[in-house]
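Participant: Sequence:
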Amino acid sequence: MTSATATATRGPAVGFALASMAIIQFGAAVSTSLFATIGPAGTSWLRLSWAAVVFVVIARPKVWRMRAADVGTAVLLGLVSAGTTLLFFEAIARLPLATAVAVEFLGPLAVGLLRPGNRAWPVLAFGGVLLVTQPWQGSADLVGIGYALGAAACWGSYILLTQRVADSFHGLQGLAVSMPAAAVAAAFFGAPAAWPHLDLELVLTGLALALLLPVLPYTLELLALRRLTTGAFGTLMSLEPAFALVVGAAVLHQIPGPVQGVGIALVTAASFGAARSGARN
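Every letter in the sequence shown is one number past the one before it in this note's numbering, and letter 123, counting from 1, is 123.
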């Protein structure tokens, strides 16, 4: 890949990733309004169910024509997506949005460290994550941190699997297989909480939230991972806590402190470093 081609490839990919992060954090923040009614698990299931419907209607996947191995990878991506959503929503029910996202970012950070290339960027991002979470204060909800760490493991796996699905399927076919699997998996945890409260208003609200997360972000991330290495994409996600801080302050009135501001500066520097060296051949 020539330098000019790599630059042309990186540009849209970085834009897709940035747009995805902004939409994810806004969607997560407004989703907390449903927690009091149907809980984090019920909210996750409702959104994933609508996402499954949207992707199936748009892509109309012909599963019987697909390779069994590719279908298996897409289903596994769906299970990981369900885990990410369920665990992350449980985390933000207990932690500030930016703190939960910073802990969850350890998953993409691990992906960045495991891949070849300049490892200075993930290390710099890790320092920023420490400043955002400030673990030395000892005041964070341990259960919430446990959920965020579980989401981190799922998120790292999600990045690796999404790239495989993006390379194996045309258009949105892969997501049209993975999202129904995610909805079925989430139903075991969320359907009992949400079903007794379902009415027309709640169902329509779930559709609107599903478009914010996961329909638009997952589509944008799929497009980004067709153009970036998983290591660069994982480190680029270091901007996620920055978006979470801004959205948390604006929507949820969770105001960050000065130390967290320094942490955000570090993860921002790491994200731009990754973006400059992450195009795929």
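Treat the hints with caution; some may be incorrect.
[Stated by the list, open to error] Here are the simulated SDA-like cross-link-like pairs (lysine to any residue), alpha carbons at most 25 Å apart as the crow flies:
#  : residue 1 : residue 2
1  : K62       : G72
2  : K62       : G146
3  : K62       : H197
4  : K62       : A166
5  : K62       : G171
6  : K62       : A269
7  : K62       : L200
8  : K62       : V75
9  : K62       : G150
10 : K62       : G261
11 : K62       : Q254
12 : K62       : A193
13 : K62       : T205
14 : K62       : L202
15 : K62       : A36
16 : K62       : H170
17 : K62       : L211
18 : K62       : L130
19 : K62       : L223
20 : K62       : G39
Rather than coming from a laboratory, the hints here were simulated on the basis of the structure.
Participant: All hints are to be evaluated individually against the structure, with a verdict given for each.
Facilitator: Okay, the hints, checked on the actual structure:
no. : hint        : in the structure
1   : K62 to G72  : holds, 14 Å
2   : K62 to G146 : violated, 39 Å
3   : K62 to H197 : violated, 34 Å
4   : K62 to A166 : holds, 16 Å
5   : K62 to G171 : holds, 13 Å
6   : K62 to A269 : violated, 43 Å
7   : K62 to L200 : violated, 31 Å
8   : K62 to V75  : holds, 14 Å
9   : K62 to G150 : violated, 33 Å
10  : K62 to G261 : violated, 48 Å
11  : K62 to Q254 : violated, 45 Å
12  : K62 to A193 : violated, 32 Å
13  : K62 to T205 : violated, 29 Å
14  : K62 to L202 : violated, 31 Å
15  : K62 to A36  : violated, 39 Å
16  : K62 to H170 : holds, 12 Å
17  : K62 to L211 : holds, 23 Å
18  : K62 to L130 : violated, 45 Å
19  : K62 to L223 : holds, 21 Å
20  : K62 to G39  : violated, 34 Å
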